[in-house]
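Given the coordinates of chain A, assemble chains B and C onto it according to the supplied hints.
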Amino acid sequence: MYVAVKGGERAIDNAHAWLAEERRGDPSVPELSVAQIREQMALAVNRVMAEGSLYDPDLAALAIKQARGDLIEAVFLIRAYRTTLPRFAASSAVETAAMAVDRRISATFKDLPGGQVLGPTFDYTHRLLDFALLAEGLPAPAPGTPAKPQPVPHVTGFLNRDGLIEDAPHSEAVPPDLTREPMELPADRALRLQAITRGDEGFILSLAYSTQRGYGRTHAFVGELRIGQVAVEVDIPELGFAVEIGEVELTECETVNQFKGSRTEPPQFTRGYGLVFGQSERKAIAMSLVDRALRWKELGEDFTGAPAQDEEFVLMHADNIQATGFLEHIKLPHYVDFQAELELVRKLRAEALALQEAAE
Amino acid sequence: MIADALAGGFTEAPVQSARAFREVLEAMARPGTIRRVVGALPPAPVSVAAGVVLLTLCDGTTPLYLAGAADCAAMRDWVAFHIGAPLVTAEYAAFALGRWEDLNPITRFRVGQPDYPDRSATLIVEQDKLTNQGPALTGPGIETANWLNLPETAAFRANRALFPLGFDTIFTAGDQIAGLPRSTRVEAI
Amino acid sequence: MTDEAYNFAYLDEQTKAMIRRAILKGIAVPGYQVPFASREMPMPYGWGTGGVQVTAACLVPEDRLKVIDQGADDTTNAVSIRKFFARTAGVATTERTVEATMIQTRHRIPEVPMKAGQILVFQVPIPEPLRFLEPREAETRKMHELEEYGLMHVKLYEDIARHGQIATSYAYPVKVEGRYVMDPSPIPKFDNPKLSCSPAIQLFGAGREQRIYALPPWTKVESLDFDDHPFKATKAAHDCDLCAAGDSYLDEVIIDDQGGRMFVCSDTDFCAGRRAKGHKGRLWAPEPEAAE
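Same order as they appear, the protein sequences are chains A, B and C.
Position in the first sequence (from 1) plus 575 gives the number in my numbering.
Position in the second sequence (from 1) plus 2 gives the number in my numbering.
Position in the third sequence (from 1) plus 26 gives the number in my numbering.
Hints may be right or wrong, so weigh each one.
[As the list claims (entries may be wrong)] Under the rule of at most 25 Å between Cα atoms (straight-line distance), these lysine-lysine pairs were calculated in the DSS-like manner:
(1) C:K258 x A:K922
(2) A:K872 x C:K168
(3) C:K181 x A:K922
(4) C:K261 x A:K906
(5) A:K906 x C:K109
(6) C:K261 x A:K922
[Said to hold, decoys possible] Here chain B is said to cover these stretches of chain C; the calculated rule only asks that three of the stretch's residues, wherever they fall, bring their Cβ under 8 Å from a Cβ of chain B:
(7) 45-54
(8) 74-85
Don't read these hints as lab results, they were simulated from the structure.
Where a beta carbon is used, it is the ideal one built from N, C-alpha and C, also for glycine.
Pulled out of the complex, with its shape left as it was, chain A reads as follows (with noise of 0.2 Å):
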């Protein structure tokens, strides 16, 4: 006798509570607090922050706890609790070019106003593993006082001055917001920005990569990149005035991109921009060069059909969440489908061998 399968709902709870236990590993190794995460992991909680769209470092740090590691499924756990917030306000926009900066670089110029500061990098570490890391303890302070605070000028400024790279002029259109409405193509610079810094990691890292190599080359030089803290501010159309709600660690990157100029235009350096939530370089350096290649029609250029100049290519599959949603869920039973399927191969075959038969 069968007997269809039933107890469906036992069993996802009794795989929840499985999953419960793995999460906690060993009970005799000690229990990861989610300030550790945190403070110790924090180029995680700054991805998670960045692809869940949500800058709470603390949030973040318990979306990995949970979610064991995983950053995808952290960011998964980030973006539905988003979800729940209302909105009380929208910031003003922040204003990158009075960042109290940790760290900023060009590549364009050897010295400018304001100075190079590399700040926390991995840049010139030689990847050996530390094997001092394995025992715990405090590393030696870092020397140096902090450095005096004295304004930090955009590279893309100085090059503005003299009309060597294109204009961006300040707008105070309201960009559209891709949490709240339809993506609708073609987008806008705004809402593809948006698309891009909430983009899975790997997938914008790979697309920039990509034109690199010639799948839509924009000789991209790195004129800035700059990490640290900007305030936020809202206005308060009671007091009139803009108050300031908190600081925001960010990521820019300006790229300065070469450009020979067309009927209309003089020959000038063209722009990509990237900015990301907490210190994300590799991601806001792929953002920029991801931006710009998506940039050919405002400038004039051809399609050369690489994939990172296609903005609906680039656009319907740059979120991760999206992506891992719906690639997963072809594990979901398709019985009744496969079912269709099944019948329609055998009355195919059986219809193809008739005939074979019929002919000898």
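For chains B and C alone, coordinates are given in the frame of chain A:
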């Protein structure tokens, strides 16, 4: 004045708007059928039903046009407090509220774009009463025919001729609603 | 019991209003895919987030909700979604089609005919019926605008040329009221005729693709075909081995490694109902006592 504006909204919005939407959905899905809604008390002369529809479907993202007597100070305050919909002229409206004669000329309203027919206005048309007597209605949502006392037929026939473009209409009277989406064919009388 | 930490039916009121507006526009233009600002839900895209959002926007406390996946109430994802709404909306649930006022489904339409007052919500993975012929949204949108459905007919005709018949067995495209070509979601084509002139409201939600579309009651829905190759709703040429039904869609179950198999109704409520009335299939046996 201000006190009036604060009153008359949903007291338990999540379930009241859910029940109201279900009635609006059934009304639009079965054109010409008359249904009852409750829960709102907008300022005169706006009907309970129209108030419920506004509270259920409108918010700060839906430009609203108030026509004729509905465009009064009390109603503007009520909308500002309970809904937050920006008040606009007919051409920009996602929703419009008024009596039929005040909403005319009806050609001012958005009928959607050929690639986005959904970007069209929904008209909330106040009537003295709703009855199932009038021109016959046929089309999606209707098994054989329904009848409804429309304020006129020519405008709705012209609207149907635009399909898939067109505006959609919700008639209101007291606590009653009836729907007439653009897909409905209206008998010529 | 509802979970007080969340709003009724989980979504906030502004989101529900946005979805409700999209549903009404979908009702007004049957078969047209209305873009909507789909939210991230606490279940993954692909697990029915579109259906869940549509259901959340339509539910009232008085509803009796049924959730099925592959026709069955007891599949894990159906259990999970049913539990979600029992918890966040406090609605009663049922496995009986005739008792349900709202049914969320993945891949099937129940065997028992729908009736007025019921709402059937479909989970849709890829709402665009032309997507696999033309991947670009900008292009497919234009094709719908201009009623340029030639590409679809060419595809179906190529099937006939190659296989002697149309080789689409599920998600079989339909035309709604002679205007929009629509994806019926991945239901087997056996279910296609049930879409047409149903007394119930049928709503379709695609979360990841951000689209909602609808069929009001009594809407004419035709499966695309050709005069010389008319559409046929097909199923396995067997009767149900449990309830002996000859007219229901069947799952094939492998019962041993000797090639043994049996066919059972995909609609578990339908099958159980027939057995309760005394219908007995080839392999019917009394239910074993439920284990404690």
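Hints versus structure:
1. Taking the CA atoms of K258 of chain C and K922 of chain A, the gap is about 13 Å. The hint holds against a cut of 25 Å.
2. Of the supplied pair hints, the one linking K872 of chain A and K168 of chain C holds, its CA atoms being roughly 21 Å apart against a limit of 25 Å.
3. A distance of roughly 20 Å separates the Cα atoms of K181 of chain C and K922 of chain A; the hinted pair therefore holds under the 25 Å criterion.
4. Annotation: proposed proximity of K261 of chain C to K906 of chain A holds, straight-line Cα distance about 24 Å (limit 25 Å).
5. Between the alpha carbons of K906 of chain A and K109 of chain C the distance comes to roughly 21 Å, so the proposed pair stays at or under 25 Å and holds.
6. Between K261 of chain C and K922 of chain A the alpha-carbon distance is near 11 Å, which keeps this suggested pair within the 25 Å criterion.
7. Here's how the stretch 45-54 of chain C fares: 9 of its residues keep a CB closer than 8 Å to some CB of chain B, so the rule of at least three is met and the hint holds.
8. Restraint check on the stretch 74-85 of chain C versus chain B: 3 residues with Cβ-Cβ distances below 8 Å, three needed, restraint holds.
Comparing the model with each numbered hint stated earlier shows that all of them hold.
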